[in-house]
Structures are given as C-alpha cells and as structure tokens.
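Protein chains: 2
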Amino acid sequence: MIKLYDVDLSGNCHKVRLLLSMLGLEHETVAVDLFGGEHKRPAFLGLNPMGQVPVLTDGDLTLRDSQAILVYLGRRYGGDTWLPGDAADVARIAQWLSTAANELQNGPGAARLGVAFDLPADVPAAQEVAAAVLAVMDGHLDGRDWLELDRPTVADLACYPYVALAPEGEVSLEPYPRVQAWVRRVEALPGYVPMPGLPREG
Amino acid sequence: MIKLYDVDLSGNCHKVRLLLSMLGLEHETVAVDLFGGEHKRPAFLGLNPMGQVPVLTDGDLTLRDSQAILVYLGRRYGGDTWLPGDAADVARIAQWLSTAANELQNGPGAARLGVAFDLPADVPAAQEVAAAVLAVMDGHLDGRDWLELDRPTVADLACYPYVALAPEGEVSLEPYPRVQAWVRRVEALPGYVPMPGLPREG
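These protein sequence lines map, in sequence, to chains A and B. Straight run, no breaks: the first sequence in the working numbering ends on number 202. Straight run, no breaks: the second sequence in the working numbering ends on number 202.
Hints in this document: simulated from the structure, not taken from any laboratory. A couple of the hints might just be wrong.
Stated by the list, open to error - Simulated restraints, written as ranges between beta carbons of each label pair:
id	chain 1	residue 1	chain 2	residue 2	range
1	A	Leu45	B	Trp146	18 to 28 Å
2	B	Ala132	A	Ala181	14 to 24 Å
3	B	Asp118	A	Ala135	23 to 33 Å
4	A	Asp142	B	Glu38	34 to 44 Å
Unchecked claim - Which residues of chain B face chain A? A few of them, derived with a C-beta cut under 7 Å, are:
id	residue
5	Val71
6	Arg75
7	Pro84
8	Ala91
9	Ala94
10	Gln95
11	Asn102
12	Val136
13	Trp146
14	Glu170
15	Ser172
16	Pro175
Cβ atoms here follow ideal geometry from the backbone N, Cα and C, with glycine treated the same way.
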C-alpha cells in the first residue's frame, strides 16, 4: 500500500496528491504535524533525515523529495504518459524538476512561508527570485500549453503548486498571463484535487 | 556534435565535464565569459532564458540545467550504468538531483560565490544550509560508498562539485569524514578530470 506523509498546506505535498489522484492510485495518507514540529523529531527523521514533507513509501521503498516522488509514481504507475523513458524527453522534464526544487521553492514558495505563515524568510529576496522565474516561465509558455512535450507531464505538476500559490506570498501573477492560463489548464485536468487556497479565483 | 557552453570555474559545468569525460564523448566546448556578463546578453539568453551555465546542445536538442544535462547524457549514451530506467532506481537518484539543485547550490555553492568570488550572497545563511545538508549526506553515507545503487551514478556527479569545493566558501569538510571519503572516491573514478581548485588536498 502506498503511504503519503502529508501536510495539507504544503505545495510540495500537493504535487504528490495531484499525481496520486490523476493516476487513480489507492493510498493511505498520514498527516504530519508540521506546526507541532513532528517533522524534526526522530521518528520522522528516520523516514527523511532532511526533515521535510512529503515522504512516500511503497512497500520497502521510502522516498523523500516531491520531485523524486513524482518521478517514481509517473514511471512506476503511469507508463509513458507522465514521464517518458526517452533520454531527450526525460531531460526536458528534468529541467523543470530542478526549477521546481530550486527557484520555485526558494522564490514563491519561500515568499509564501514568510508572508502567509510568518516563518523566517527573506521575503523581498524570495519575491525577486519569484519574479525572475515567472518571467522565464511566461516566455517559455508563449505558444505552448504545457511546459514540455505538448502534454501534461510531471514537469507541470512539479511547478504548479508554488506558482499557483504565489499570491499568498504577495507575488502577483498579473504580469504573467500565459502562466495564469497554464495554471487554469492544470486545474482543469481530470483528477485535479483542490488544496487550501487552490484553485483561487484568477 | 555535442556542444557544451562552459565556464571553467563553475561547479555545475564541472558535473557535465565529468560525465562527458567518463563516457568518453567527443564534444566541443564553448567558453562563456561569465565575468563579462555574456550569460545575460541576448545571444546566450536565446539558449537559456535563465541566463545560467551550463547549456548543452546535441543536434536539435538544447538543454539548460546541469542535472537535466546529466540525465540526458546518462540515459542517451550510458545505457543503464549512470541512470537506470527502473522507476525506483531513477527516483532514488532523483532525490539527489533535487538536493544538488537546491541545498547544494544554495548552501556550499552560494557560500563559495560570496567568499571566493565576492558576489552578492548571504554567506552565513548559505553556510548554515551547507552544514545541514552535509550532515545529512554524512549520515546517509554511513555504510555506503555511493549515494544510491551501490555504484557511481549521476547522483554522485550532480552532488560532487559543490561539496568538494565547499572549503572555498569557508565550509569545512572536517566534521564529515564519510563525505570526505566519498569525495576522494569520485576523484578516483576512471575518466575523472580536475577543475581549478579540484581535487584539493584532503
């Protein structure tokens, strides 16, 4: 049985919830008490020494990192639909997995932590990172409906939550109309599930 | 012909140089004048709108992001050696690609930019990120020679440069003996090539 260690307000967990739902995979959800510090206590650190959610287990396999979990679920249960095996295709997608892990996490993701959750974060620096990456995404989406391969892939799911949640970090999506249209496209996918704050009115 | 847009002092470029060498792939290297700002001018931004090195082209394919380039070269030219196709295996490796893209880039990578190149960086914050991720890596390497799959993979190459270069950002590797041993193991791989500052004396 697949088990997801989950925090409902986490965009990184939301990526995984989306793919689990879109693939129609039965799973158990274990709520992690992030605000109570459960993720920094020994039991959880045994699952993920980084002390971060999500964590996914499937039989003997334990995975940390939302991108890696998307890679696993997409390859293991999605055939070539969500993550193809071709070298060039998987590399095109991997570009956005890095963007999700770095610029989107440390841009709109960090701005949201500072503004909406009052956690320690250099909000102006994060907002600057956010603006730069959103401008690149908006340009990239000129003439494209999806980030790569002309169809939804794990690249889109990896990037979606912290882009869509950007306004919670006082990062407006108004300057990025193609990004806004792409956000709505993700939210219209079969199997899409909401999270607190998403989808928001455009 | 494979073409690498390269900066010799860049750890992200070094990852790619390592795999090109270890795979014995002929390629052309194009030096990018980072200190002259070439990566922020239109010609280069046409290759990578993020304005970052490395970029790799192979025929019609243009890839940004060092992790994505390792994924491509490993799958395209390395069989199952450097990046296997099995879902669980590729996901185990993907965990470390995210770590390389985020914590290692923004930890020891950013500390080095601030200390060694006097570029804008919050050095104490970067050193703190570095210490946290190096402690996790050191624990993970207890009983392991390589990050995943009991053999060298793109996970090791993705993580190696900014770990090995950490002392240039005044991040000591002395508290992490297993990390130091792993660094030396990477440097002993057939096809290893040095870069300015690497390998350093232990």
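Here is how each hint holds up against the structure:
{"no.": "1", "hint": "Leu45/A to Trp146/B: 18 to 28 Å", "in the structure": "holds (22 Å)"}
{"no.": "2", "hint": "Ala132/B to Ala181/A: 14 to 24 Å", "in the structure": "violated (38 Å)"}
{"no.": "3", "hint": "Asp118/B to Ala135/A: 23 to 33 Å", "in the structure": "holds (27 Å)"}
{"no.": "4", "hint": "Asp142/A to Glu38/B: 34 to 44 Å", "in the structure": "violated (24 Å)"}
{"no.": "5", "hint": "Val71", "in the structure": "holds (4 Å)"}
{"no.": "6", "hint": "Arg75", "in the structure": "holds (4 Å)"}
{"no.": "7", "hint": "Pro84", "in the structure": "violated (11 Å)"}
{"no.": "8", "hint": "Ala91", "in the structure": "holds (3 Å)"}
{"no.": "9", "hint": "Ala94", "in the structure": "holds (4 Å)"}
{"no.": "10", "hint": "Gln95", "in the structure": "holds (4 Å)"}
{"no.": "11", "hint": "Asn102", "in the structure": "holds (5 Å)"}
{"no.": "12", "hint": "Val136", "in the structure": "holds (5 Å)"}
{"no.": "13", "hint": "Trp146", "in the structure": "violated (17 Å)"}
{"no.": "14", "hint": "Glu170", "in the structure": "violated (21 Å)"}
{"no.": "15", "hint": "Ser172", "in the structure": "violated (20 Å)"}
{"no.": "16", "hint": "Pro175", "in the structure": "violated (16 Å)"}
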